[in-house]
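Novice: One-letter residues, chain by chain:
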Amino acid sequence: MTGPGRAVPTLLLDQAGDDERLLAACPTDLAGHRRRHPRPPAPGRQPDPDLLDAIERSGLTGRGGAGFPTAQKLRAVGAARGPRVVVVNGAEGEPASGKDRVLLTHAPHLVLDGAVVAAAAVGAARVVVCVDRSQPEALAAIRTALAERAAESDGAAWQVAASPSRYVTGQSSAIVQWLGGGPAVPTGVHAHQRGVDGRPTLVQNVETLAHLALVASQGPAWFRSLGTVDEPGTTLVTVTGAVARPSVVEVALGSPVPDIIRRAGGSSEPLQALLIGGYFGTWVDARAGLQARYSRAGLAPLGAGPGAGVVIALPATACGVAETARVLAWFAGESAGQCGPCAFGLPALATAAAELARGAAGPAEVDRLRRWAGEIEGRGACRHPDGATALLRSALTVFAADVEAHAGGAPCAGSSRPPALRVPAPGEGWR
Amino acid sequence: MSPRRSLVLAVDPIACQGHGGCAELFPEGIRLDDWGYPILRPGPVPDELMAHARWAVSNCPALALRLEAPAAERRR
Ligand SMILES: Cc1cc2nc3c(=O)[nH]c(=O)nc-3n(C[C@H](O)[C@H](O)[C@H](O)COP(=O)(O)O)c2cc1C
Ligand code: SF4
Ligand code: SF4
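Residue numbers (numbering that gives the first Met the number 0), protein chains in the order written: chain A, 0 to 430; chain B, 0 to 75.
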């Protein structure tokens, strides 16, 4: 069974690699954690320039999907005036991803240390930890961890918030609006300018923060000792689909994609494609994908990127067109309904793609799908519609032969098999 | 005289109600998608069309349309 908002029911925590940092075996209680990890610096009221420099030298980038340089974001928040706020983004709305909840459960204190480091870097006292409310284990781990830390007085004023299980909740302006008592839908206002209670706010993914804790304690040179020169460090990847052991793994950036599949037990059937980055990601042909390295630079020639850290293996027996149509319907259902191109465009894409999957759409409809994808992209207040259009465009390329057959009225056998990609049940409300 | 600034059209997609009036008033720079929402021609609005662009902006009932400095300049 999948809960609302969740497509990955059970995930193993794989610790068999050589490069575990965040997922290294470590006690979850505070005393055990402190035997390995020093207390982070206490946040002051002003940004800490030395800490910011160290973070910049580390080359750490955001692991929440966009891959933005973390130091640059911290500097923007630090430069804004007035009491600042740090939001720990554990919304993990990406249906195929489980790495954030695994990390929150496995290493809650590492994430919280990272939040304290971020608070010290930007000069913030208040830290709000948001966790998807459909993840009781992760929530409990954070609540227990915070109760333990009360005695340590780490200089941060903590708050925990159980956020709505909707995809767009985790978008930075949506989470800010929800924390202010509004609906969890994007506003288009930058959090670093006007965030929680109107304060300059840093919204940072939980995995990014865990890396930040280690950058502060071990230093930038240590951080850069794994990964590539341009993309240093390790990254968590949720590996699902047709693999023997759906898992969350930690790998050095730039690792060969086949190694990542192997860490999840290897493929359980012959593969035809990989969906890289998540549902908000890109289809790549299996053969090309299995020759690539897992990094922005390694995946860029395939039009893909690590995104939210997801690799889904699509079996050869599945129909990429039908799988894509179902995911597009999910995208349409998760639109916040505020922007015309998203509210009307995504359902139109989903309907047309479903017709194509059924063999009820011809070449003219395929051309129209392409035109719509181009016209919708970039016209929402957030990037939600862009996830749908990128997925669709990659499907039309990677599954081109199937698309042609379907458009000729001959849907493939795979289109009537059970879905390979699970699509979450429709979400609850926006609050 | 101050140098003329180039301006681009921008729309707030949350505020826009898809009335489509803007495309009627400024067809050179705005067309509508299949659902009636504006698609803006990218790049600076040419001087000779600026009056039309301003006319469309001031007549948007949702106050969703604006003229602004190109993104690169706005940052500063
Ligand atoms: C529709 C949408 C949904 C998002 N959902 C999440 C999410 O669930 N978790 C997350 O960390 N970032 C999410 N993001 C990205 C956030 O807006 C933000 O960039 C991120 O939390 C910043 O953290 P990072 O720099 O550490 O990656 C989402 C973005 C969009 C456009
Ligand atoms: S683009 Fe879609 S999800 Fe994003 S704010 Fe607009 S309506 Fe909401
Ligand atoms: S006139 Fe204003 S509200 Fe109407 S479509 Fe144009 S921008 Fe949107």
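Some hints here could point you the wrong way.
[As the list claims (entries may be wrong)] Far from chain A, some chain B residues (derived; all Cβ distances over 10 Å):
#1 R4
#2 G17
#3 G35
#4 Y36
#5 H51
[Unchecked claim] Incomplete in silico selection of chain B near chain A, CB under 8 Å:
#6 D11
#7 I13
#8 C15
#9 G19
#10 D32
#11 V56
#12 C59
Hints listed in this document are in silico derivations from the structure and should not be mistaken for laboratory results.
Values in this document were obtained by computation on a predicted structure and should not be read as measured data.
C-beta: ideal position from N, C-alpha, C; glycine also.
Novice: Give a verdict on every hint.
Specialist: Results for each hint:
{"no.": "1", "hint": "R4", "in the structure": "holds, 23 Å"}
{"no.": "2", "hint": "G17", "in the structure": "violated, 5 Å"}
{"no.": "3", "hint": "G35", "in the structure": "violated, 7 Å"}
{"no.": "4", "hint": "Y36", "in the structure": "violated, 4 Å"}
{"no.": "5", "hint": "H51", "in the structure": "holds, 22 Å"}
{"no.": "6", "hint": "D11", "in the structure": "holds, 7 Å"}
{"no.": "7", "hint": "I13", "in the structure": "holds, 5 Å"}
{"no.": "8", "hint": "C15", "in the structure": "holds, 6 Å"}
{"no.": "9", "hint": "G19", "in the structure": "violated, 10 Å"}
{"no.": "10", "hint": "D32", "in the structure": "holds, 5 Å"}
{"no.": "11", "hint": "V56", "in the structure": "violated, 18 Å"}
{"no.": "12", "hint": "C59", "in the structure": "violated, 14 Å"}
The structure shown violates the earlier hints numbered 2, 3, 4, 9, 11, 12.
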